[in-house]
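Listed below, chain by chain, are the residues.
There are 2 protein chains.
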Amino acid sequence: MSYPHSKTLMTLYTAKICPFAQRAVWALKEAKAEHATEYIDLKNKPSWYSLVNPLLQVPVLRMPDGQFLYESLLVARFVADKYPESGLMPSDPLARYNVDYFIERVGGLLLKPTFEIARAPSEERVEKANEAVKKNLVEINTMLLERDSKNTGGNKGTYVLGSQFTLAEICTLTFLSRLELVFSLCNLELNEEMASKLGVDLSRFFEWRNAVFARPAYIESAPTKDLMLTFFAPMMNL
Amino acid sequence: MSYPHSKTLMTLYTAKICPFAQRAVWALKEAKAEHATEYIDLKNKPSWYSLVNPLLQVPVLRMPDGQFLYESLLVARFVADKYPESGLMPSDPLARYNVDYFIERVGGLLLKPTFEIARAPSEERVEKANEAVKKNLVEINTMLLERDSKNTGGNKGTYVLGSQFTLAEICTLTFLSRLELVFSLCNLELNEEMASKLGVDLSRFFEWRNAVFARPAYIESAPTKDLMLTFFAPMMNL
Chain A
1 MSYPHSKTLM
11 TLYTAKICPF
21 AQRAVWALKE
31 AKAEHATEYI
41 DLKNKPSWYS
51 LVNPLLQVPV
61 LRMPDGQFLY
71 ESLLVARFVA
81 DKYPESGLMP
91 SDPLARYNVD
101 YFIERVGGLL
111 LKPTFEIARA
121 PSEERVEKAN
131 EAVKKNLVEI
141 NTMLLERDSK
151 NTGGNKGTYV
161 LGSQFTLAEI
171 CTLTFLSRLE
181 LVFSLCNLEL
191 NEEMASKLGV
201 DLSRFFEWRN
211 AVFARPAYIE
221 SAPTKDLMLT
231 FFAPMMNL
Chain B
1 MSYPHSKTLM
11 TLYTAKICPF
21 AQRAVWALKE
31 AKAEHATEYI
41 DLKNKPSWYS
51 LVNPLLQVPV
61 LRMPDGQFLY
71 ESLLVARFVA
81 DKYPESGLMP
91 SDPLARYNVD
101 YFIERVGGLL
111 LKPTFEIARA
121 PSEERVEKAN
131 EAVKKNLVEI
141 NTMLLERDSK
151 NTGGNKGTYV
161 LGSQFTLAEI
171 CTLTFLSRLE
181 LVFSLCNLEL
191 NEEMASKLGV
201 DLSRFFEWRN
211 AVFARPAYIE
221 SAPTKDLMLT
231 FFAPMMNL
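So the sequence lines, in the order shown, correspond to chains A and B.
Under UniProt numbering, residues 1 to 238 are what the first sequence spells out, in order.
Under UniProt numbering, residues 1 to 238 are what the second sequence spells out, in order.
Treat the hints as calculated values from the structure; they're not laboratory data.
Check each hint, because a few of them may be wrong.
It does not matter which identical chain is used: a pair holds within one copy or between any two.
Stated by the list, open to error - Straight-line Cα separation of at most 30 Å, DSBU-like style, residue types lysine-lysine; simulated pairs:
#1 K82 x K150
#2 K135 x K45
#3 K150 x K7
#4 K112 x K225
#5 K156 x K7
#6 K135 x K150
#7 K32 x K82
#8 K156 x K82
#9 K134 x K150
#10 K156 x K29
#11 K29 x K82
#12 K16 x K112
#13 K225 x K32
#14 K134 x K225
The following block holds chain A by itself, in its conformation from the complex:
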């Protein structure tokens, strides 16, 4: 059995719906890394895909020499290391740690509530959503303000490392569009008005979100709302 791949370029195996795979797509786009793409239908995986990944997960990045790279965080990190001019990882060791630590803490704060809300009994979903805003998003807002206090001088800016866009954004914010979709399915709009009603200030969080979600590479890598609906609506019995 053979499988499709580029003979000369890196080949990315991905799926639009998957927030983990989107990390790899987005990182490659930000780094302007030339590569081929194969889309995998996760509900109907091609039989050859077991040759690419015995675990059948996306993303996988195939090197032109045939080595496969697994695990979205490690693939994104590889892209950042291979294209240092992208600035996706800073070169200073302490700044690198700060990116790593932000990813470690914040990724789960966005991914976990998405599924907790989606899987909650319908009458409890709005409550779970309000809880997530008050707890998880406030925590992220606080972490961003703490980073701001350390990003001084020429390094001031909207991102986790101030003016430098890094993996800290790519490896956390792909989970947010899924969370926002789940909120909307609860008839909640995740915005400053909602936060204000709950008595919390998420202005730094929204400033960050809006700047990142406006990046062309994010927009190109993101699933449509319709596609996300096909995933979450059945889970929520909608």
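Following the hints, position chain B against chain A.
Quick look at chain B alone, frame taken from chain A:
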């Protein structure tokens, strides 16, 4: 309230028993990184420790300017980045990925069975231990052989990256001494004779283990058998 720390050096907060903390200690020693050490009694934590880590875990590395670094893997990675001459992380992006991926896969293959065996009902412990040898250790042995086939020329050697000792060793093998202790509490010696009785070949695994465990920085960072006993014997009702 104040807390003990060096004003000029990095300060490591650690505990000999903890395999996660040992990653940080070992990495600092391999990198010959000058630092101060504060030992935390995990069964009787000093009240000031909440100022160092609200989660009360070890290790924590404090920078001279007061920043705290959490999460053993990220601390070890920081040490490798800060002391590139240590070679604890290679500079080539694909080699870095290979270290990361080995850690991701193998750490759990050693840590998980340690606690599964320790917590099993006593009559099932030996069975669980045999299973772990046949499944987890064989998998590691296979991964090492696969790496060998890629480590060619001047890069041949005992370690995951051949001749280069890296975080691939530090961030996986601190779990092995705990696993070996748990085996010994089941009256099993984890060695080639045991593997042979089970019909599996772990010679590459033992070659790796023996070379790594002979390193002075490993030996200095490791807990004594007696200390490990005070942790595992009560868990196993011994």
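### Query
What are the numbers of the hints the structure violates, in ascending order?
Hint check: nothing fails, all pass.
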